[in-house]
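Undergrad: Throw the hints in and build the complete structure from the sequences for me.
2 protein chains.
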Amino acid sequence: MQKIKNITIIGSGNVATHLGKYLYNAKYKIDYIYSRNIKNAKTLAKSVNADPVDDIAEVHAKSDLFLIAVSDNAIEIIAKQLNKYLGRKINVVHTSGMVSSEIFRGYFYNYGVFYPLQTFTKEREIDIKEVPFFITAGNDDFVKKLSKVAKKLSSNINIISDKERKVLHVAAVFANNFTNYMYSISKDILESEKMEFDLLYPLIKETTDKVLSGYNPKKIQTGPAVRKDYNTIKQHLKYLKKYPEYKEIYKFLTEKVTD
Amino acid sequence: MQKIKNITIIGSGNVATHLGKYLYNAKYKIDYIYSRNIKNAKTLAKSVNADPVDDIAEVHAKSDLFLIAVSDNAIEIIAKQLNKYLGRKINVVHTSGMVSSEIFRGYFYNYGVFYPLQTFTKEREIDIKEVPFFITAGNDDFVKKLSKVAKKLSSNINIISDKERKVLHVAAVFANNFTNYMYSISKDILESEKMEFDLLYPLIKETTDKVLSGYNPKKIQTGPAVRKDYNTIKQHLKYLKKYPEYKEIYKFLTEKVTD
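Line order of the protein sequences matches chains A and B.
Each residue of the first sequence is one higher than the one before, counting from 1 in this note's numbering.
Each residue of the second sequence is one higher than the one before, counting from 1 in this note's numbering.
To be clear, the hints were calculated from the coordinates, so they are not data collected in a lab.
Please note that a few of the clues may not be correct.
It does not matter which identical chain is used: a pair holds within one copy or between any two.
To be verified - Pairs of lysine-lysine, BS3-like flavour, derived with a Cα cap of 25 angstroms:
(1) Lys-3 - Lys-242
(2) Lys-242 - Lys-163
(3) Lys-210 - Lys-194
(4) Lys-241 - Lys-152
(5) Lys-241 - Lys-218
(6) Lys-228 - Lys-144
(7) Lys-194 - Lys-163
(8) Lys-234 - Lys-163
(9) Lys-129 - Lys-210
(10) Lys-247 - Lys-228
(11) Lys-152 - Lys-122
(12) Lys-163 - Lys-247
(13) Lys-3 - Lys-27
(14) Lys-210 - Lys-122
(15) Lys-218 - Lys-194
(16) Lys-62 - Lys-238
(17) Lys-27 - Lys-219
(18) Lys-194 - Lys-219
(19) Lys-42 - Lys-89
(20) Lys-242 - Lys-256
(21) Lys-242 - Lys-152
(22) Lys-46 - Lys-129
(23) Lys-251 - Lys-3
(24) Lys-210 - Lys-234
(25) Lys-218 - Lys-42
TA: Structure representation (structure tokens):
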């Protein structure tokens, strides 16, 4: 397998957009941007000097890597189409935390996963150097090639199995999705009372900084739940009566923490 | 009421320790440190050049402020004792987010709350300048005096009502306690699989940084729940079978987010 120089990107969402731009900045030639929506394909293609297409039949087999950054349930559909038009010899990865690399078995000889573990927002720049990349691939040569690409983007490269990536993905739901959801509840409660959410910023910052500096979250858990301070809990629940949904969440999580 | 110069601190826990040290550094004279446990009183007293006592009868009325930083349910007990030995003329505050300032009515003429909204860990230094202080007091003169003290410590001073402080406290449970609990679950899952929690640090940092830079958490919610990606959710729940408690939490919160 020769060195990866030319890349085609399938998709135009958050991950495709971020990876496309960082790969382009790292001097990779982006051949095509495919999207079902040609307008989206054009937007991204323009910024990475690629050809936009909305039909996979128009993508030619010359790219050294086909990077599929689409929703999980579309990955196999894309794989089938790529296989149909370009055969089994192309190199293919997807970027999903959840989908096994084995979804490509039978479609291609060289397949794998190129998973950046980060929460991407389209307009927001991130420091790609700090983003952990997780590589999974069936053969060592392809692992090496993919690692080389990842190393051009980030300094945090990890070779893992499909199973390990799934564990990461579940853990990330707790650390990111549910955490963010707690922030949104907190903000909603304050703003309903005409108070500013940013009053909590120093608290939020310190909560996270502690964990990022190595404190064990289990050991630094504070608040009425872990203290089994039932009087405060009762008062909080009384206050939360006007937000039945949040009251239920408060009660549920408090029971889990006090357990 | 004269300017506050001398302070007695009732308590020797996290809040008492941090406030004691920062007040001492801000050139306040700390008269006494009271704790039921004389050893704890001595430890803190030594670092702020105060007299340690374990009997409130030994505290003299000369302090300009009595700062009660004890657990919520002990505040009124302390108030009764202070009233018994020192009368109604002393100036008294507590540091609780939850307890009304009115708990002091009938015990003292000048009473209030001096509430630093931060998560304190004994050994960990924080930037006190950034900590928001929330002042509640029955009369304007006392509010001014307390604000002056708070301003020596922090640049973020807010005058609020008892009710507003309660709202803040509830919101902080979501933003800090429950968030930290999510981190502890995340860490536990990874470490059970012999993977390192720090693989998630960049994700955790970015999740928080986004919110702290003003993104609305509700609008940047990502993950399978908000996408209603039931296939991924099903796979996550299947994986979580070996952690029944976490599976239940995942299921519960996912239903709330998809709602």
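Undergrad: The structure should be examined with respect to each hint, and the outcome stated for every one.
TA: Outcome of the hint check:
| no. | hint | verdict |
| --- | --- | --- |
| 1 | Lys-3 - Lys-242 | neither (61 angstroms within a copy, 42 angstroms between copies) |
| 2 | Lys-242 - Lys-163 | between (43 angstroms within a copy, 14 angstroms between copies) |
| 3 | Lys-210 - Lys-194 | between (29 angstroms within a copy, 22 angstroms between copies) |
| 4 | Lys-241 - Lys-152 | neither (53 angstroms within a copy, 38 angstroms between copies) |
| 5 | Lys-241 - Lys-218 | between (29 angstroms within a copy, 21 angstroms between copies) |
| 6 | Lys-228 - Lys-144 | neither (52 angstroms within a copy, 35 angstroms between copies) |
| 7 | Lys-194 - Lys-163 | between (46 angstroms within a copy, 12 angstroms between copies) |
| 8 | Lys-234 - Lys-163 | between (42 angstroms within a copy, 15 angstroms between copies) |
| 9 | Lys-129 - Lys-210 | both (22 angstroms within a copy, 18 angstroms between copies) |
| 10 | Lys-247 - Lys-228 | both (17 angstroms within a copy, 23 angstroms between copies) |
| 11 | Lys-152 - Lys-122 | within (21 angstroms within a copy, 42 angstroms between copies) |
| 12 | Lys-163 - Lys-247 | between (36 angstroms within a copy, 18 angstroms between copies) |
| 13 | Lys-3 - Lys-27 | within (13 angstroms within a copy, 66 angstroms between copies) |
| 14 | Lys-210 - Lys-122 | between (28 angstroms within a copy, 12 angstroms between copies) |
| 15 | Lys-218 - Lys-194 | between (33 angstroms within a copy, 17 angstroms between copies) |
| 16 | Lys-62 - Lys-238 | neither (65 angstroms within a copy, 40 angstroms between copies) |
| 17 | Lys-27 - Lys-219 | neither (45 angstroms within a copy, 33 angstroms between copies) |
| 18 | Lys-194 - Lys-219 | between (34 angstroms within a copy, 19 angstroms between copies) |
| 19 | Lys-42 - Lys-89 | neither (27 angstroms within a copy, 75 angstroms between copies) |
| 20 | Lys-242 - Lys-256 | both (22 angstroms within a copy, 17 angstroms between copies) |
| 21 | Lys-242 - Lys-152 | neither (52 angstroms within a copy, 38 angstroms between copies) |
| 22 | Lys-46 - Lys-129 | within (24 angstroms within a copy, 46 angstroms between copies) |
| 23 | Lys-251 - Lys-3 | neither (55 angstroms within a copy, 44 angstroms between copies) |
| 24 | Lys-210 - Lys-234 | neither (28 angstroms within a copy, 33 angstroms between copies) |
| 25 | Lys-218 - Lys-42 | neither (48 angstroms within a copy, 29 angstroms between copies) |
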